[in-house]
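K.L.:
Here is what each chain is made of, one letter per residue.
2 protein chains.
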Amino acid sequence: MQVRDSLLEGTKMSAKAEVHFIGTVLKGSEEQAEVRVFPEFCAGLKQITGFSHLIILYWMHLRDSKKERKTLLVFPRKHAINLETGVFACRSPSRPNPIGLCVVELLKVEECVLTVKGLDASEGSPIVDIKPYLPRADCIPDVRVPEWTTQGPTT
Amino acid sequence: MQVRDSLLEGTKMSAKAEVHFIGTVLKGSEEQAEVRVFPEFCAGLKQITGFSHLIILYWMHLRDSKKERKTLLVFPRKHAINLETGVFACRSPSRPNPIGLCVVELLKVEECVLTVKGLDASEGSPIVDIKPYLPRADCIPDVRVPEWTTQGPTT
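Chains as they are written, first to last, in the numbering used here: chain Y, 18 to 172; chain H, 18 to 172.
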């Protein structure tokens, strides 16, 4: 581990880490996508059918370039807005870490393949993590958002 | 990029990638935590005050070891359950990629420091990403979960 701002952080800390892909998007479709978990991680799916919804973190590999990862300001034009917006204030795929997040419905599990609805990932996108959707923690209906987020695509 | 299951995936794909930490948890407290975004990423916060809630992805650095990252099965004992559960079917901090996810309330932004409520991260945990919470995409109240998730801590 290397030192970074150790005075402020109080601990020695590396400025980066390694993610290990646990699977891949076999078929990319919002209506019905297929996620294949690599065999060596498949045991981690045990009991997953108890949940109707999951949070999928995936690697937006088409945006994994120096240029895209340096992007900090964008115009969310899909939402018809011309307001310069920080990447941490929108769901732009161009961001320092190209990690996409989707809440999906789990339709089917067959061996190591999950069929899900609502995954906005490209075919071939690596999967970083799968978490169960827990409404007590993850669902907050009464929040404040800017007007532009209520129009156009959901993310 | 290295080959991995290229026949199945149809594309050449590395099995890992690099995350660049964008900040750190200055003060870890569920009631009121402070997240410092490193100065070089601070521009990405533009317009963030339009949102009352954020999704924070952080690196659970205390679980970033070979052993913890090999863990695929756990017993969610905090939920008083003795059922062997896959790490992708619970929110265990031991998992192949130690990425934590919390929906937090944004209380205050001062320069590059966010004060938030509901962050279940340790002091010194690196921050991987910050995303606005969009209820149209992220809030699904009517889901099915196992009984044990309705008791104990929310995650």
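Don't read these hints as lab results, they were simulated from the structure. You may find that some hints are simply not true.
Stated by the list, open to error - Using 20 Å as the maximum straight-line C-alpha spacing, the simulated SDA-like pairs for lysine to any residue come out as follows: (1) LYS134/Y with GLN64/Y; (2) LYS134/H with LEU43/H; (3) LYS95/H with ARG153/Y; (4) LYS83/H with ALA60/Y; (5) LYS83/H with GLU35/Y; (6) LYS95/Y with GLY135/Y; (7) LYS63/H with SER111/Y; (8) LYS95/H with LYS83/H; (9) LYS84/Y with LYS95/H; (10) LYS134/H with PRO158/Y; (11) LYS44/H with GLU127/H; (12) LYS125/H with THR66/H; (13) LYS84/Y with MET77/H; (14) LYS87/Y with ALA34/Y; (15) LYS63/H with THR88/Y; (16) LYS63/H with ARG86/Y; (17) LYS63/Y with VAL162/H; (18) LYS33/H with LYS95/Y; (19) LYS83/Y with CYS59/H; (20) LYS63/Y with LYS125/H.
K.L.:
Does the alpha-carbon distance linking LYS87/Y and ALA34/Y stay inside the 20 Å limit?
P.N.:
holds (17 Å)
K.L.:
What's the verdict on LYS83/H and GLU35/Y, does the C-alpha distance respect the 20 Å limit or exceed it?
P.N.:
Distance ~12 Å between LYS83/H and GLU35/Y Cα, so the pair holds.
K.L.:
For the pair supplied as a hint, LYS63/Y and VAL162/H, confirm whether the alpha-carbon distance does not exceed 20 Å.
P.N.:
holds (14 Å)
K.L.:
Hinted pair, alpha-carbon criterion (20 Å max): LYS134/H, PRO158/Y. Please report holds or violated.
P.N.:
holds (16 Å)
K.L.:
When you check the alpha-carbon spacing of LYS125/H and THR66/H, does it fall within 20 Å?
P.N.:
holds (8 Å)
K.L.:
Is the hinted pair LYS84/Y and LYS95/H satisfied, with a Cα-Cα distance of at most 20 Å?
P.N.:
violated (43 Å)
K.L.:
Decide if the proposed pair is consistent with the structure: LYS33/H and LYS95/Y, CA atoms, cutoff 20 Å inclusive.
P.N.:
violated (30 Å)
K.L.:
For a C-alpha distance cap of 20 Å, please report whether LYS134/H and LEU43/H respect it.
P.N.:
holds (13 Å)
K.L.:
Hinted pair, alpha-carbon criterion (20 Å max): LYS95/H, LYS83/H. Please report holds or violated.
P.N.:
Violated. LYS95/H to LYS83/H sits at ~23 Å, over the 20 Å cutoff.
K.L.:
Taking only the CA atoms, is the gap from LYS63/H to THR88/Y under or equal to 20 Å?
P.N.:
Measuring from Cα to Cα gives roughly 13 Å; hence the hint holds.
K.L.:
CA of LYS84/Y to CA of MET77/H, is that 20 Å or under?
P.N.:
Distance ~27 Å between LYS84/Y and MET77/H Cα, so the pair is violated.
K.L.:
Quickly compare the C-alpha distance for LYS83/Y and CYS59/H to 20 Å and report which way the hint goes.
P.N.:
Holds, at about 18 Å.
Going through the hint list in order, the structure does not satisfy hints 8, 9, 13, 18 and 20.
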